[in-house]
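Hints given; two lone chains; assemble the complex.
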Amino acid sequence: MKVDHALRALDGILRREMLRSLRQRARLFSAMVRPLVWLAIFAAGFRSVLGLSITPPYQTYVLYEVYVVPGLAAMMLLFHAMASSLAMVYDREMGSMRLLLTAPLPRWYLLAARLLASVIVGLPLVYLFLFVARFWDVRPPILGYVAVFPALVLSGLMLGAFGLLVSSMSTQMENFAGVMNFVIFPMFFASTALYPIWRLAEAGPLLATIAAWNPFSSAVELIRFALYLRFDMVSMLVVVACLVAFFLAAVAGYDPGRGLWSRRGGEG
Amino acid sequence: MNALAIENLSHSFGSRQVLQNVSFTVAEGRMCILLGRNGAGKTTLFSLITGLYYARTGLVRVFDMAMQANPSAALAQMGVVFQLPTLDLDLTAGENLRYHAALHGLPTDLSKARSREELSRLEVLDRIDDRTRALSGGQRRRVEIARALMHGPRLLLLDEPTTGLDVPGRRALEQHVRDLCRERGIAVLWATHFLEEVAADDDVVVLDRGRVCWTGPADRIAPELGVGSVAEAFALLTGSP
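Taken in sequence, the protein lines are chains A and B. The first sequence begins at 57 in this note's numbering and counts up one residue at a time. The second sequence begins at 24 in this note's numbering and counts up one residue at a time.
Simulated from the structure, these hints should not be mistaken for laboratory data. The reader is advised that the hints may include incorrect statements.
Calculated pairs, SDA-like style, for lysine to any residue (alpha carbon to alpha carbon, straight line, at most 20 Å) [what the hints assert, rightly or not]:
{"#": "1", "chain 1": "B", "residue 1": "K135", "chain 2": "A", "residue 2": "D67"}
{"#": "2", "chain 1": "B", "residue 1": "K135", "chain 2": "A", "residue 2": "M74"}
{"#": "3", "chain 1": "A", "residue 1": "K58", "chain 2": "A", "residue 2": "W164"}
{"#": "4", "chain 1": "A", "residue 1": "K58", "chain 2": "A", "residue 2": "L70"}
{"#": "5", "chain 1": "B", "residue 1": "K135", "chain 2": "A", "residue 2": "W164"}
{"#": "6", "chain 1": "A", "residue 1": "K58", "chain 2": "B", "residue 2": "A96"}
{"#": "7", "chain 1": "A", "residue 1": "K58", "chain 2": "B", "residue 2": "Q100"}
{"#": "8", "chain 1": "B", "residue 1": "K135", "chain 2": "A", "residue 2": "H61"}
{"#": "9", "chain 1": "A", "residue 1": "K58", "chain 2": "B", "residue 2": "L259"}
Here are a few chain B residues that face chain A, going by a calculated C-beta distance under 8 Å [said to hold, decoys possible]:
{"#": "10", "residue": "G74"}
{"#": "11", "residue": "A99"}
{"#": "12", "residue": "V103"}
{"#": "13", "residue": "P108"}
{"#": "14", "residue": "T109"}
{"#": "15", "residue": "D111"}
{"#": "16", "residue": "H127"}
Heads up, the beta-carbon is just placed ideally off N, CA and C, and yes, glycines get one too.
Okay, chain B solo, but in the shape it has when bound (with noise of 0.2 Å):
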C-alpha cells in the first residue's frame, strides 16, 4: 500500500499556477526525497497534503483515505515538521511535547512517557524542562521531529528540515531520520534542495516550476539521463547550472 498518493494536483494563488498535475507516490516504509530549488512548489505542495490549503484539483491520498474527504483519519496517520520552526517559543520542550499530544488525543500518562521516548532517541531528552526559546537550531530541529512522532504516525513529512543547520547537524538530523524510516517502517517524504542530502536507496522526485519532472529510484536518475550525478541529472531536468 501506498502511504501517500499525490494525484494530479494542481494549485494556484489567484493567476499564479504554483502545481500543475503533480502526481506521484510514497510507498510505506520508503524514504521519499522531494527534490526541488526555492519556489518549486515544495511548501505549497505539503500545505496540500496536510490541508492547511483546500486542494481544488487533484487528490491527496494517505493510506488510501482521502485528505479531502475524510482529514482527521488522514492527519491522524502523519507527522509533519513544517519548514517554518513551529515551536512554541514561551513552552518547554517537554509542553511543546505534550501539547502535541493532546491535539492527537493521547492520553496524559502515555503523552509523558511517549516525550521522554522520544525526546531521548533524539538525544535532546537533558533539554526536556527548558524553554525552547534556549535550544540551538538544531536542537529545536530534533524537538520538532520528536514531537512529529509522538502520535506514532505512518507517514512523516519534513519540509527542508535541515535549513539553518550546520553541516554536521545536517548529517546528524538526516542519519536519525533514516535510521526512524529502517526501524520503525515509517515512510518519510523529506523536501530539500541540497542534493547531498540523497542517497542511492531512496526515492527520488524532482519538481520544477510546480511540475513533477522526474520520479523514481534515486540510483536510476543519473544512468536514465546519461549523466554521472544526481546533481548532473536535477540541473539538466531544472535547467539549473
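Bound-form chain A, shown alone (with noise of 0.2 Å):
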C-alpha cells in the first residue's frame, strides 16, 4: 500500500462523508436538538430529584446539568456511530458499499478511513452542544474543551468501531429497529451517562456492576475527566482496548472469506 495513494484515498472518504452529512439537515438537524432536549428537559427536571454528592472529577456539589453534559455528548458520539453503521448497512443494500470494498486497497484500511471519517464528521457537532451547554451554566475550563478531543476521538472511535461491527452483522435495515433495542439503549442507560455509579448502586448492584462494565460507561468517564482537565486511565484502556477487539471483529465480519456478506450469498 503506497502512503500517498491511501492518504488520496482517505481524504476521498473524508470528503465523502462530509458532503453526504451536510446535505443530510435533517439528520444533522435532529443530531443536535436530541441533546438539548435531554439538558433543557430532562436534567431541568432530574435536577429537582436526583441530589449529587462530591463524585469526581468535580470538586464541589455540581448541578445535574454539569453532570449530565459529558454523558449527553458521549450519546451524541454513540447515536452518530449508531447513524453511520446504519448508513453502511444502506451502502450495503444500495450497492455503494462494493464500491468501497472494490477500491485497491487492503479492507481493513478501507475500513479504518471510513470509521475515521466518520468520527471526524461527527466532532464538530459535538463541539458545537458543549458550547452552547454553557447557557446552562456548565462552563468547564477552556482548556478542558482541549483536552477533552482526543478523548472524544478515541471515544467515538470506539463507539463506531462498535458500530461497524454491528453493521457487518446486519443483513438489512429492518434489524436496526432491534439493533436500537437491545444494544443503543441499554448501553445508554445501564451506564454513567445519566447517573453516577454510586447512584445505580443504590437501585441495585447488578445494575451498577453492568454499568461499570459498560465501555460506554468508560466512554463517559473518559471524556468527564477530560473535559475537567483530568486524566482517568483506567476509562482509557478500556475505550482503547474496546476499540482494537470491535475493530478486529468488523474487519473479520468484512472479510470476504469468513464474513456474513460472503456466506449469505447476492443476488444471482
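What follows is the structure in C-alpha cells.
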C-alpha cells in the first residue's frame, strides 16, 4: 500500500462523508436537538429529584446539568456511530458499499478510513453542543475543550468500531430497530451517562456492575475527566482495548472469506 | 496475455452450489459476452472476480496476477459496473467520479480533468453538477461506466449493464462499450441474458446453473451446434424455451 494512495483514499472518503452529512440536514438538526432536549427538559426535571454528592472529577457539588453534559456528548457520539453504521447497511443494500470494498487497498484500511472519517464528521456537532451547554451554566475550564478532544476522538472511534461490527452482522436495515432496542438503549441507560455509579448501586448492585463493565461508561468517564482537565487511565485503557477488539471483529465480519456477506450470497 | 483467466472456480452458499468448475479466459482487447439466464451464477462470478467473495476453490487471474494473492494489484486493473446501481444518490455525478478516483489514488487535478473527459465521452458532461438522484436510469448507467473508467483500467466488467434501460438506451450503451474496447484496447466482460447483445465478432461464454456449457467466438456457436442462430444455440445449451 502506497502512502500517497492511502492518503488520497482517506481524503476521498472523508469528503464523501462530509458532503453526505451536510446534505442530510434533517439528520444534522436532529443530532443537535436530541442532546439539547435532554439537557433542557430531562436534566431540568431531574435536578430537583436527584441529589449528587461530590463525585470525581468534580471537586464540589455540581448541578445535574453539569453532571449529565459529558454523558450527553458521549450519547451524541453513540447515536452518530449508529447512524453511520445504519448508513453502511444502507450502502450495502443499495450496492454502493461494493465500490468501497473493491478499491485497490486492503480492506482493513478502507474500513479504518471510513471509521475515522465518520468520527471527524461527527465531532464538530459535539463541540457545538458543549459550547451551547454554557448557556445552562455548564462551564468547564476553557482548556478542557482542548483536553477533551483526544477523549472524544478515542470514544468516537470505539463507538464507531462497535457500529461497524454491528453493521457487519446486520443483513438488512429492518434489523436496526432491534439494534436500537436491545443494544443502543441498554448501552446508554445502563451506564454512567445519566447517573453516577453509586446512584445505580442504590437501585441494585447488578445494574451498578453492568454499568461498571459497560464500555460506554468508560467513554463517558474519559470525556468527563478530560473536560475537567483530569485523566482517567482505567477508562482510557478500556476504551482503547474495546476499540481494538471491536475493530478487529468488524474487519473479520467484512472479510470476504469469513464474513456474513460471503456466506449469505448475492442477488444471483 | 489474457486480461482475465478463470480456472476451475467453484462457489457455494452453505449447501447450495452456485458455481462448479468454471473456467474461461478473456483476451486482452476483446469483448466477451457472459450469457446466462437469471440465477445462472453471473453475479456470484462477478463477486468472486472482484474479491467481494473469497474464492476457496479455483483461481482468478487478472493480467497474470492472482486475485487471491494480490487483490489490490488485480483490482487496480479492473473497472467494474455492478448489476445493482452503486452511485451515491446524494452526490453529484462529478463527486461520484472523484470519490472513485480518490479510492484509486488519483491526484485531485487529474481526477477533475478525467471526470470531465469521461463524462464527455459518455455524453453526460452536462449533468456533472447534478445529483445522481435526478438522473434517468440510462444516464446513471453511463455515469457508472464513466466512473469505472476513471483510473484507466485494462479490464472492464459489466454485470447486466442494460437492465432497466429502454431499447435505444441499451443500444447506445452497448455501442459506447464497443467503442471503448476498439479504441482503447480495453478487455470487456459483459454479463447479460439479452441474446441480441451478442455481436458476431464477440467471444461468448454460456453459463448455465453454475457451469460453463460453451465458450468460443460468437460466430462459431450456431454452426458448431448445428442450429441457425445464437438464440437457438443458447436455448439448446440451457434447455430454455
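We went through each hint and held it up to the structure:
1. At roughly 15 Å between alpha-carbon atoms, K135 (chain B) and D67 (chain A) fall within 20 Å of each other, so this suggested pair holds.
2. At roughly 19 Å between alpha-carbon atoms, K135 (chain B) and M74 (chain A) fall within 20 Å of each other, so this suggested pair holds.
3. Simply put, K58 (chain A) and W164 (chain A) have alpha-carbon atoms about 15 Å apart, close enough for the 20 Å limit, and the pair holds.
4. Distance hint between K58 (chain A) and L70 (chain A) is fulfilled; the C-alpha atoms sit about 18 Å from each other, no more than 20 Å.
5. At most 20 Å may separate the alpha-carbon atoms for a hinted pair to count; K135 (chain B) and W164 (chain A) exceed this at roughly 27 Å.
6. At most 20 Å may separate the alpha-carbon atoms for a hinted pair to count; K58 (chain A) and A96 (chain B) meet this at roughly 12 Å.
7. Between K58 (chain A) and Q100 (chain B) the CA atoms are separated by roughly 16 Å; this keeps the pair inside 20 Å, and the hint holds.
8. Of the supplied pair hints, the one linking K135 (chain B) and H61 (chain A) holds, its CA atoms being roughly 16 Å apart against a limit of 20 Å.
9. Simply put, K58 (chain A) and L259 (chain B) have alpha-carbon atoms about 50 Å apart, too far for the 20 Å limit, and the pair is violated.
10. For G74 (chain B), the interface hint holds, the least distance from its beta-carbon to any beta-carbon of chain A being 6 Å, beneath 8 Å.
11. Interface restraint check: A99 (chain B) against chain A, minimum CB-CB distance 4 Å, threshold 8 Å, status holds.
12. Contact between V103 (chain B) and chain A, as hinted, is supported at the beta carbon level, the nearest pair being about 6 Å apart and thus within 8 Å.
13. Taking 8 Å as the C-beta contact cut-off toward chain A, the hint placing P108 (chain B) at the interface holds, the least distance being around 6 Å.
14. Hint status for T109 (chain B) relative to chain A: holds, with the closest Cβ pair at about 4 Å, below 8 Å.
15. With a least beta-carbon distance of about 5 Å to chain A, the hint placing D111 (chain B) at the interface is held under the 8 Å criterion.
16. Proximity of H127 (chain B) to chain A holds as hinted, the smallest CB-CB distance being about 6 Å (cut-off 8 Å).
Violated hints, listed in ascending order, are 5, 9; each of the other numbered hints is respected by the structure.
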